[in-house]
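Participant: Sequence:
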Amino acid sequence: MSLHVHLAERTDVLADGLAQLLVNPLADPFAREVVVVPAKGVERWLTQRLSHRLGVGPRAGDGVCAGVDFVTPHSLIAMLHGLGTDDPWEPERLAWALLEVIDSVMGEPGFADLTTHLGGGDPHDERATRRYAVARRLAGLFATYAVQRPGLIGDWRAGRDTDGQGGALEADLLWQAELWRRLVVHVGSAPPDVRHLETLQRLRSGGDGLDLPPRLSLFGHTRLPETEVALLKALGELRDVHLWLPQASPVLWSALAPSAEQGQVARDEDTSAHLVGHPLLSSLGRDARELRRTLGVVDADQIGGVPAPPDTLLGWLQSDLRANRAPDAQTRAQRVLGHDASVQVHACHGAARQIDVLREVLVGLLDDDPTLEPRDILVMCPDIENYAPLISAGFSLADLVDQRVDKGAGHPAHQLRVKLADRSLGVTNPLLGVAAQLVELVRGRLSATQVLDLATAEPVRARFGFGDDQIDRITHWVGEAGIRWGYDAQQRASFGLGSVSTNTWSAGIRRVLLGAAMSGLDHRLVAGTLPVDDVSDGDLEILGRFTEFVDRLHVFLDRATQARTITEWMTVLGESVHRLTSIEAADVWQVAQFDRELARIVAGATDKDTPLRQADVRALLQQRLRGRPTRSNFRTGTLTVCTMVPMRSVPHRVVCLVGLDDGVFPRVSTVDGDDVLARRPRTGERDLRAEDRQLLLDAIAATTETLVITYTGRGEHNGAERPPAVPLGELLDALDRTTSAPVREAVRTQHPLQPFDEANFVPGLLRGERAFTFDRSALAGARAARGDRVEVGPLVPTALATADPVLTEISLTDLQEFFRHPAKGFFRRRLRIAQPYDADEVKDA
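Anchor point for the sequence shown: position 430 equals 745 in the working numbering, and the numbering is continuous, going up by one each time.
Fair warning: there could be bad hints in the mix.
Just the calculated beta-carbon pair ranges, DEER-fashion [stated by the list, open to error]:
1. Gly-978 to Val-509: 51 to 57 Å
2. Asp-783 to Ala-1095: 27 to 33 Å
3. Leu-398 to Gly-978: 36 to 42 Å
4. Ala-644 to Val-621: 24 to 30 Å
5. Gly-611 to Arg-1052: 31 to 37 Å
6. Arg-519 to Thr-686: 51 to 57 Å
7. Arg-475 to Asp-924: 31 to 37 Å
8. Arg-475 to Ala-644: 55 to 61 Å
9. Arg-519 to Gly-378: 40 to 46 Å
10. Arg-894 to Ser-851: 26 to 32 Å
11. Pro-529 to Gly-503: 33 to 39 Å
12. Arg-732 to Ala-1095: 23 to 29 Å
13. Leu-398 to Asp-987: 34 to 40 Å
In case anyone wonders, no lab produced these hints; they're calculated from the structure. Where is the CB? At the ideal position from N, CA and C, for every residue including glycine.
With the sequences and hints as input, model every part of the structure.
Facilitator: Right, here's the structure in full:
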């Protein structure tokens, strides 16, 4: 029994090695293999890969992968600790205990900064709205301490205020140590550091009482915290533990042996970068180097059979990375770049243009190679929420647009099916999105645009029958009735305007209803209310439904204002969403998921009586509605689009990285002033920017044929040049030093602003020997722009321009329009050029 480390440049080779291991049956025929994977995308791919290596028959390729449990690192640690589903030290649950402890220390000595930050404990102070958000952030910090630097919280628990590295804790952070000690007493169960030491001791003494897997494999990790490594080494004394690690350069792994012997050190003392031969391994591969330090002295088995890199620019770069060397002058002289599209960098005007270019590139690749299929292509994006609508608009439109390409309609990319992964729950389940919108309205101004936005949500439209025409009609009524904000004068009282009832929803709805009752009569006040004169008999049904919608919304706001505990909040929110929304039978799963998420929130609260304000519930929902990938979204045979985490090391023939803009990638992460680890971080501790750089290196190593990168190279509005993201610039620098001559300009393409620009249709200008774009509509636009110019007359007819009519009477509207905007008034009155009035827009002011 021991800890086995297996290395390879590509995960497909690692997967084949794992399959050879799993082919050997366990002693117990009913025992299940346990494989730990870092992300759902890797799990999906690995399952499919193993299904063609395991099984029955002479070739063992029957497409079945059974008897294997894929678990997350968190589940593995819970299994080793013997924990159930109710771990009190989980950040989600710990936040509730922290809320109580924080409330109890308000105003006490040593907590002056925390007290001031939360408004001195005054529930009416606006700063008190940060309570849950602060508690959740501190719970996350404490959980990070326990995983990455357990000695820190161990010292705190023992009364020693240290930084976990032998130094004294800085004065402005002393309150955290005392808060942790009180939290340990309040929770009452063994803290994480004690639990970790107890588990290690039990493993070292034989593992009695622990539910240990017969054989364990960890696949595809690039970072492991020191606590997990310690547990794996202890488990390795009792069971076979296999680490399957993708490494862009196994040669560098061997060269880092001295740093492994030294172990973890402060990051500013780490000199392992001096052992790196290739500049990209130095700038992008810090996570992999620090993993070598964290694992310490271990024997590693380098798996053979890795295919040789192709004889392309990408292959040359991968070959240099594997050998951990920058190419010398002799090697570079032998590498003469011809027509090579293995690395493509596209500089575009903004996000929308990036998707246009990506669409053309993918269609071109599919057209050039009949063997290439959408499942062989992976698109990764750092900010998928911003790009998802653009991707949906550019692909998967075969059912919505005319595909008569031979008649000049449609685009070939419309036939490509796209699967978007990693979307937030508020997007994938519109009921949760409606819940988030409702919480935003509580104790708010209830402005006209907020209510209309809620009315346009798909589940709300389905419930009340709001079509596009009905929404336009309702919007017109809201503007005509002068509705601005506030339900009534009572609701406005919280803003100090309780005596002003005009322009509220109550007053506006009354005006519209009176307009329906008095349709066709002269304008006159009824009990001090002026009816809206544009409500016909045919509008009565939609008016009734909209009135019912506003009334149900008001009932929710009244009940939510009185809600105090988490149970009351979730009850009110759940009942109101059900009253305001409707889901088709095919999407009934959304209702079940919505109810389940609310139930989980209530179940996760250790104290159901902790008072919560609207801001607390809003922060809670924001935390719960983040992106949560599921394995069903990956490897479905379609074009997969995801963030850069789930599939970063999975080999694909074509890997596309979209949105590598400066300031977006790597992720901008400010140093948290309350994070003890950030004051002087150690090797192996998490760093978001280093993670993103490692993601780029993993993507380069996982690409087998073509690497496509797009970024915003020029501004959409002014055309100003923008630099690429720093890691992308480093990649271009490395490519320049890979061949006999700089290749930056050959690799990077500067795209025009418009898809109908003539450059897109000139063969050889943007793509090889043919035109770049496949867009027939853009071609028609380019032909029209290049066609003969038609002589047109003057903008203003001569007779009209010289005429000076004498106005005998001027309407009040015209006079107001002139003084409000003289130029617009001149165009309207003298030049007869009409523009839409601003009165059509609903305003909140």
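Participant: Each hint needs a verdict: does it hold in this structure or not?
Facilitator: Here is what the structure says about each hint:
About 43 Å separates the C-beta atoms of Gly-978 and Val-509, a value inconsistent with the hinted range of 51 to 57 Å. Separated by about 28 Å at the C-beta atoms, Asp-783 and Ala-1095 satisfy the suggested range of 27 to 33 Å. In this structure the hint that Leu-398 and Gly-978 lie 36 to 42 Å apart at CB holds, the actual value being about 40 Å. Evaluation of the 24 to 30 Å hint for Ala-644 and Val-621 yields a pass: the beta carbon distance comes to about 27 Å.
The supplied range of 31 to 37 Å is met by Gly-611 and Arg-1052, whose beta-carbon atoms lie about 34 Å from each other. Taking 51 to 57 Å as the suggested C-beta distance range, the pair Arg-519 and Thr-686 conforms, at roughly 53 Å. The hint said 31 to 37 Å for the Cβ distance between Arg-475 and Asp-924, and at roughly 35 Å that hint holds. Between Arg-475 and Ala-644 the beta carbon distance is about 57 Å. The supplied range of 55 to 61 Å therefore holds.
Checked against the hint of 40 to 46 Å, the pair Arg-519 and Gly-378 passes, with Cβ atoms roughly 42 Å apart. Hint check: Arg-894 to Ser-851, Cβ distance near 29 Å, so the stated range 26 to 32 Å holds. Checked against the hint of 33 to 39 Å, the pair Pro-529 and Gly-503 passes, with Cβ atoms roughly 35 Å apart. For the pair Arg-732 and Ala-1095, the supplied restraint of 23 to 29 Å holds, since their beta-carbon distance comes to about 26 Å.
At about 27 Å, the CB distance of Leu-398 to Asp-987 disagrees with the hint of 34 to 40 Å.
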